[in-house]
Amino acid sequence: MYTTGHDRDAFSRLGKQLSDIHSSQLSTQLSVFQSALINFANEHGEDIKQNLEFRSKFTELCSSVGLDPLELSIYTNSKDDKRNNNFYISLSVRIVEVCQETRDLNGGLISFKELLPQLQNNVNLHSKITDTDVTKALEVLARLGNGYEVLTIHGKNWLKFSLASTSSSGFTTDQRKVYEVCTFMGGQVSYRLLRDNYGWDKIRCKTVLDEMIMNGFLWVDNQGVNGELHFWEPSWISS
Amino acid sequence: MEPYEFPKIHSFPPMYTQQPNATILDNQLGSWCDIILSYCEYYKISSITLTGTVIYSQFDDLDITQLPPVFENKAIDRAVNDEFKSTIFRHLIHKSKKAEYINAKSPEAGVLIYWRSLVDWANLIHDFVENTGQSGTVLTVYELTKSEDSGLPADLKNFDYNMLVKVLKNVLIKQGKAQILMSEDDPEQIGGVKIV
Numbered sequence: 002m003y004t005t006g007h008d009r010d011a012f013s014r015l016g017k018q019l020s021d022i023h024s025s026q027l028s029t030q031l032s033v034f035q036s037a038l039i040n041f042a043n044e045h046g047e048d049i050k051q052n053l054e055f056r057s058k059f060t061e062l063c064s065s066v067g068l069d070p071l072e073l074s075i076y077t078n079s080k081d082d083k084r085n086n087n088f089y090i091s092l093s094v095r096i097v098e099v100c101q102e103t104r105d106l107n108g109g110l111i112s113f114k115e116l117l118p119q120l121q122n123n124v125n126l127h128s129k130i131t132d133t134d135v136t137k138a139l140e141v142l143a144r145l146g147n148g149y150e151v152l153t154i155h156g157k158n159w160l161k162f163s164l165a166s167t168s169s170s171g172f173t174t175d176q177r178k179v180y181e182v183c184t185f186m187g188g189q190v191s192y193r194l195l196r197d198n199y200g201w202d203k204i205r206c207k208t209v210l211d212e213m214i215m216n217g218f219l220w221v222d223n224q225g226v227n228g229e230l231h232f233w234e235p236s237w238i239s240s
Numbered sequence: 019m020e021p022y023e024f025p026k027i028h029s030f031p032p033m034y035t036q037q038p039n040a041t042i043l044d045n046q047l048g049s050w051c052d053i054i055l056s057y058c059e060y061y062k063i064s065s066i067t068l069t070g071t072v073i074y075s076q077f078d079d080l081d082i083t084q085l086p087p088v089f090e091n092k093a094i095d096r097a098v099n100d101e102f103k104s105t106i107f108r109h110l111i112h113k114s115k116k117a118e119y120i121n122a123k124s125p126e127a128g129v130l131i132y133w134r135s136l137v138d139w140a141n142l143i144h145d146f147v148e149n150t151g152q153s154g155t156v157l158t159v160y161e162l163t164k165s166e167d168s169g170l171p172a173d174l175k176n177f178d179y180n181m182l183v184k185v186l187k188n189v190l191i192k193q194g195k196a197q198i199l200m201s202e203d204d205p206e207q208i209g210g211v212k213i214v
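Protein chains in written order, with the numbering used here: chain A, 2 to 240; chain B, 19 to 214.
Since the hints were derived computationally from the structure, they do not count as laboratory data. For every residue, glycine included, the Cβ atom is placed at its ideal position computed from N, Cα and C. Among the hints, a few may not be true.
Per label pair, the in silico range of CB-to-CB distance [what the hints assert, rightly or not]: (1) Ser-236/A x Asp-138/B: 33 to 39 Å; (2) Arg-205/A x Asn-99/B: 27 to 33 Å; (3) Tyr-60/B x Thr-103/A: 41 to 47 Å; (4) Gly-225/A x Thr-71/B: 25 to 31 Å; (5) Thr-131/A x Leu-43/B: 54 to 60 Å; (6) Asn-227/A x Gly-209/B: 55 to 61 Å; (7) Thr-103/A x Tyr-179/B: 47 to 53 Å.
Pairs of lysine-lysine, DSBU-like flavour, derived with a Cα cap of 35 Å [unchecked claim]: (8) Lys-123/B x Lys-184/B; (9) Lys-92/B x Lys-116/B; (10) Lys-92/B x Lys-207/A; (11) Lys-207/A x Lys-103/B; (12) Lys-103/B x Lys-184/B; (13) Lys-26/B x Lys-178/A; (14) Lys-178/A x Lys-92/B; (15) Lys-123/B x Lys-103/B; (16) Lys-26/B x Lys-203/A; (17) Lys-164/B x Lys-113/B; (18) Lys-207/A x Lys-26/B; (19) Lys-203/A x Lys-92/B; (20) Lys-115/B x Lys-192/B; (21) Lys-113/B x Lys-157/A; (22) Lys-187/B x Lys-92/B; (23) Lys-116/B x Lys-192/B; (24) Lys-184/B x Lys-195/B; (25) Lys-203/A x Lys-161/A; (26) Lys-113/B x Lys-207/A; (27) Lys-164/B x Lys-192/B; (28) Lys-161/A x Lys-129/A; (29) Lys-113/B x Lys-114/A; (30) Lys-203/A x Lys-103/B; (31) Lys-113/B x Lys-161/A.
With the hints as extra help, turn the sequences into a complete structure.
Okay, here's the thing in structure tokens:
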């Protein structure tokens, strides 16, 4: 009996050893492949850009091995002499991503100190992303509206963002429309109502509603029929 | 007894969902605390579980299982989930300071609700004892909370034993106005109280 138990232990140790070796080999291969792709993108960046079919195949390949094409684009365009427009466009997309991911936590105000490390999270850049880079990338976004604004507070840079460009009253046209639905729906609104009334897609609805929740213009109700989310204007309570 | 009439906000559907906006959440928790306090005062409820089940009411003819549940609104088909209930009670205990765990080591035993402060309760007890000329006399818990013919004020009738212990230990004894004697049968229970 003792021997059998002993053997079993030995076998399982050996098994584990083999699978460890196997998985470490695989991850080495993967990282070799990843760096090969990065090199490739470096050398053939222009071709990838020019040839649409090539680019889509290449992007597919990247995602299948866990390389974010966006980060790759930041990476390949990040050499000091080559920090071109593409670099700033890619960077601006990353900025929007980071801002959206962290909005629930920071309410739409993020310090450069927090933002910068997140921008170069998975990419091993030739040189670090600087405040100037972010400012330049934001110039790209500025063409799309004035939702992003750099504030300098006590010598430190912050990025303040609100997705829809706000009018002087601090209330956007979309937000006004949401409240319009509320007034004829007994104080509440849902994705479905916004879609049916204004033909807004999910992203537009979410953008407006999230912003309004954050500003305290709407309360969330997650117990609607079939789990449908409802959003209520708080003035209902005193009406 | 007429059922308690909840304030309008109790019929506001999002009240039953924990709000993601921190400022709003703080308001929401404050509103829940107000509701709990006024509900408990109306029914003279002194203790309640973390899920909102009433443990004790001073009205001895009240069927506490038949009360309208505080965390539920059938008319709009909404109910607070247990996790959010705990958050509300934590707010009531730590922020509003209008409640305490009956036993801090086992929160599931429920909380004491202070719609009347411990100091106010202490004054009521002290005044009763003084006005009836019983200062310095050893009184039983029965005499302090149940007795029919001793001029016991209605507010103290059927006073919750757990609450009495809190009032004695946290206020009257600290003020030097009370001494307690433990029961001979059960050393965990108060046998007599001397108020001066």
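Comparing the hints with the structure gives:
{"no.": "1", "hint": "Ser-236/A x Asp-138/B: 33 to 39 Å", "in the structure": "holds, 36 Å"}
{"no.": "2", "hint": "Arg-205/A x Asn-99/B: 27 to 33 Å", "in the structure": "holds, 30 Å"}
{"no.": "3", "hint": "Tyr-60/B x Thr-103/A: 41 to 47 Å", "in the structure": "holds, 44 Å"}
{"no.": "4", "hint": "Gly-225/A x Thr-71/B: 25 to 31 Å", "in the structure": "holds, 26 Å"}
{"no.": "5", "hint": "Thr-131/A x Leu-43/B: 54 to 60 Å", "in the structure": "violated, 37 Å"}
{"no.": "6", "hint": "Asn-227/A x Gly-209/B: 55 to 61 Å", "in the structure": "holds, 59 Å"}
{"no.": "7", "hint": "Thr-103/A x Tyr-179/B: 47 to 53 Å", "in the structure": "holds, 51 Å"}
{"no.": "8", "hint": "Lys-123/B x Lys-184/B", "in the structure": "holds, 16 Å"}
{"no.": "9", "hint": "Lys-92/B x Lys-116/B", "in the structure": "holds, 27 Å"}
{"no.": "10", "hint": "Lys-92/B x Lys-207/A", "in the structure": "holds, 30 Å"}
{"no.": "11", "hint": "Lys-207/A x Lys-103/B", "in the structure": "holds, 28 Å"}
{"no.": "12", "hint": "Lys-103/B x Lys-184/B", "in the structure": "holds, 24 Å"}
{"no.": "13", "hint": "Lys-26/B x Lys-178/A", "in the structure": "holds, 26 Å"}
{"no.": "14", "hint": "Lys-178/A x Lys-92/B", "in the structure": "holds, 31 Å"}
{"no.": "15", "hint": "Lys-123/B x Lys-103/B", "in the structure": "holds, 19 Å"}
{"no.": "16", "hint": "Lys-26/B x Lys-203/A", "in the structure": "holds, 32 Å"}
{"no.": "17", "hint": "Lys-164/B x Lys-113/B", "in the structure": "holds, 33 Å"}
{"no.": "18", "hint": "Lys-207/A x Lys-26/B", "in the structure": "holds, 29 Å"}
{"no.": "19", "hint": "Lys-203/A x Lys-92/B", "in the structure": "holds, 31 Å"}
{"no.": "20", "hint": "Lys-115/B x Lys-192/B", "in the structure": "holds, 19 Å"}
{"no.": "21", "hint": "Lys-113/B x Lys-157/A", "in the structure": "holds, 34 Å"}
{"no.": "22", "hint": "Lys-187/B x Lys-92/B", "in the structure": "violated, 40 Å"}
{"no.": "23", "hint": "Lys-116/B x Lys-192/B", "in the structure": "holds, 20 Å"}
{"no.": "24", "hint": "Lys-184/B x Lys-195/B", "in the structure": "holds, 14 Å"}
{"no.": "25", "hint": "Lys-203/A x Lys-161/A", "in the structure": "holds, 24 Å"}
{"no.": "26", "hint": "Lys-113/B x Lys-207/A", "in the structure": "holds, 33 Å"}
{"no.": "27", "hint": "Lys-164/B x Lys-192/B", "in the structure": "holds, 25 Å"}
{"no.": "28", "hint": "Lys-161/A x Lys-129/A", "in the structure": "holds, 22 Å"}
{"no.": "29", "hint": "Lys-113/B x Lys-114/A", "in the structure": "holds, 33 Å"}
{"no.": "30", "hint": "Lys-203/A x Lys-103/B", "in the structure": "holds, 32 Å"}
{"no.": "31", "hint": "Lys-113/B x Lys-161/A", "in the structure": "holds, 31 Å"}
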